[in-house]
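Peer 1: Here's the letter readout for the chains.
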Amino acid sequence: MNRRVLLFLPLLGFIGLAVFFYYGLGQDPSYRDSALMTREFPAFEASTLEDPERQVDESLLTGAITLVNVWGEWCPACKQEMPQLLDLADRGIRMVGINYRDTREKGREFLDEFGNPFEVNIFDPEGDLGFDLGVYGAPETFLVDAQGVIRYHHTGYISPEDVRNTLLPEVEKWR
Amino acid sequence: MALTRCITALVSVLLSVSVMAAGIELREFDDPVMEERYKDLTASMRCPLCENQAIDDSDAPISADMRERVYRLLQDGQSDIEITNHMVARFGDYILYNPRLENRTYLLWGIPIALIVGGGLMVVLIVRARRNASATALSAEEQARLNELINRERSS
Chain P
21 MNRRVLLFLP LLGFIGLAVF FYYGLGQDPS YRDSALMTRE FPAFEASTLE DPERQVDESL
81 LTGAITLVNV WGEWCPACKQ EMPQLLDLAD RGIRMVGINY RDTREKGREF LDEFGNPFEV
141 NIFDPEGDLG FDLGVYGAPE TFLVDAQGVI RYHHTGYISP EDVRNTLLPE VEKWR
Chain A
250 MALTRCITAL VSVLLSVSVM AAGIELREFD DPVMEERYKD LTASMRCPLC ENQAIDDSDA
310 PISADMRERV YRLLQDGQSD IEITNHMVAR FGDYILYNPR LENRTYLLWG IPIALIVGGG
370 LMVVLIVRAR RNASATALSA EEQARLNELI NRERSS
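So the protein lines, in turn, are chains P and A. With this note's numbering, the residue at position 72 of the first sequence is 92, and numbering never jumps. With this note's numbering, the residue at position 115 of the second sequence is 364, and numbering never jumps.
These are computed hints drawn from the structure, not numbers from a lab. Model, not experiment: these values are computed from the prediction. All residues carry an ideal CB built from backbone N, CA and C; glycine is no exception. Treat the hints with care, since some could be wrong.
Label-pair ranges, simulated between beta-carbon atoms [what the hints assert, rightly or not]:
id	chain 1	residue 1	chain 2	residue 2	range
1	A	D329	P	Q167	32 to 42 angstroms
2	A	D280	P	G135	47 to 57 angstroms
3	P	R59	A	L374	49 to 59 angstroms
4	P	G46	A	V282	44 to 54 angstroms
5	A	D280	P	F34	48 to 58 angstroms
6	P	S79	A	G326	26 to 36 angstroms
7	P	G135	A	W358	46 to 56 angstroms
Partial list, computed: chain P residues near chain A (C-beta under 10 angstroms) [said to hold, decoys possible]:
id	residue
8	P49
9	R52
10	L56
11	R121
12	E146
13	G150
14	V155
Produce the entire structure from the sequences given, and follow the hints as far as they go.
Peer 2: Structure (structure tokens):
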């Protein structure tokens, strides 16, 4: 009798693996947390898009909870999410942009055409700051708390549902 | 002769096209060891954007940035481990084709070893059990029954 029970072991192993793989199939392979989660915003030094003379560094992102949005004129999804970003700014959330792999001229044209929810835009033409943030495509959005620690990361387009269901609750959570 | 030349020309055109399509830049190395390390490093990192392509084989802008960074760090004299850590700090464990051995990857690395050891053990046990079973002598009762069967066979 005991031996017979042992014959069911392979079946149990199979069921275990099947459940494991089925769970894996249901996961979005492109979704993963940023490696910078719960770490301090990386040190940087750059000029602003608005004023080439004005230098900013990571202290720009301390003092108040801030949404940092990585965008570029060349990025179609960035244009589509601008209404949502303007809405977030209207709600009194501090917004800072990173103008990623762009030229000053094109970046400014973009803001003229689609609106400017940003208090200031960090100019990152070579993508150096983007690299330190682990940005692999725009748009990407980071929530940085008042101490300058990254608390939430959103990859890709921000829909109106994302604003309601994730971004606003996250901002409240870390305020 | 003309045909050979024609084929050579065609092949070289095709080769140059494929090199351009891959978008992989040529890099100069003074040191062949460093070149080898560059190849190994860029082949062992996964492009964060394209899900399953090494950065040495990917057209994505971020892969070009990462190759550039690997090259620069190599020139700066950093070790392979330092360069890997530099990349993982920014892009996460995701970019490693071979996950590092740490607390949360013990199971991942351990299961194949455990299966091989466990399977080997099982084979040894089964073989031993079979050998013992065949070597066991028949009891007196069994011997009597065997004789009876054989005799019945003969007499019929």
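Peer 1: Does the closest beta carbon of chain A sit nearer than 10 angstroms to the beta carbon of E146(P)?
Peer 2: Nearest chain A Cβ about 9 angstroms off; hint holds.
Peer 1: Regarding the hint that G150(P) lies at the interface with chain A, is the smallest CB-CB distance below 10 angstroms?
Peer 2: holds (8 angstroms)
Peer 1: Checking hints one by one. Is P49(P) an interface residue toward chain A, by the C-beta closer than 10 angstroms rule?
Peer 2: Holds, about 6 angstroms.
Peer 1: Between D280(A) and G135(P), does the beta-carbon spacing fit 47 to 57 angstroms?
Peer 2: holds (52 angstroms)
Peer 1: Can you let me know if the beta-carbon spacing of S79(P) and G326(A) is within 26 to 36 angstroms?
Peer 2: Check passed, 31 angstroms falls within 26 to 36 angstroms.
Peer 1: Quick check on a hinted range of 44 to 54 angstroms for G46(P) and V282(A), using CB atoms only.
Peer 2: With a Cβ separation near 45 angstroms, G46(P) and V282(A) satisfy 44 to 54 angstroms, so the hint holds.
Peer 1: Can you verify the interface hint for R121(P): is its Cβ closer than 10 angstroms to any Cβ in chain A?
Peer 2: Cβ of R121(P) sits 8 angstroms from chain A, so the hint holds.
Peer 1: Under 10 angstroms, Cβ to Cβ, is where R52(P) needs to be relative to chain A, so tell me if that hint holds or is violated.
Peer 2: holds (6 angstroms)
Peer 1: Starting from the hint 46 to 56 angstroms, judge whether the C-beta atoms of G135(P) and W358(A) obey it.
Peer 2: holds (51 angstroms)
Peer 1: Report holds or violated for the interface hint on L56(P), using the least CB-CB distance to chain A and a cut-off of 10 angstroms.
Peer 2: Status holds, d = 7 angstroms.
Peer 1: Hint validation: V155(P) versus chain A, beta carbon distance must be below 10 angstroms. Holds or violated?
Peer 2: The hint holds - V155(P) has a Cβ within 10 angstroms of chain A, the shortest such distance being about 8 angstroms.
Peer 1: Go ahead and decide if the range 32 to 42 angstroms is satisfied by the Cβ distance of D329(A) to Q167(P).
Peer 2: Since D329(A) and Q167(P) have Cβ atoms about 34 angstroms apart, the given range 32 to 42 angstroms holds.
Violated hints for the displayed structure: none, as all numbered hints are satisfied.
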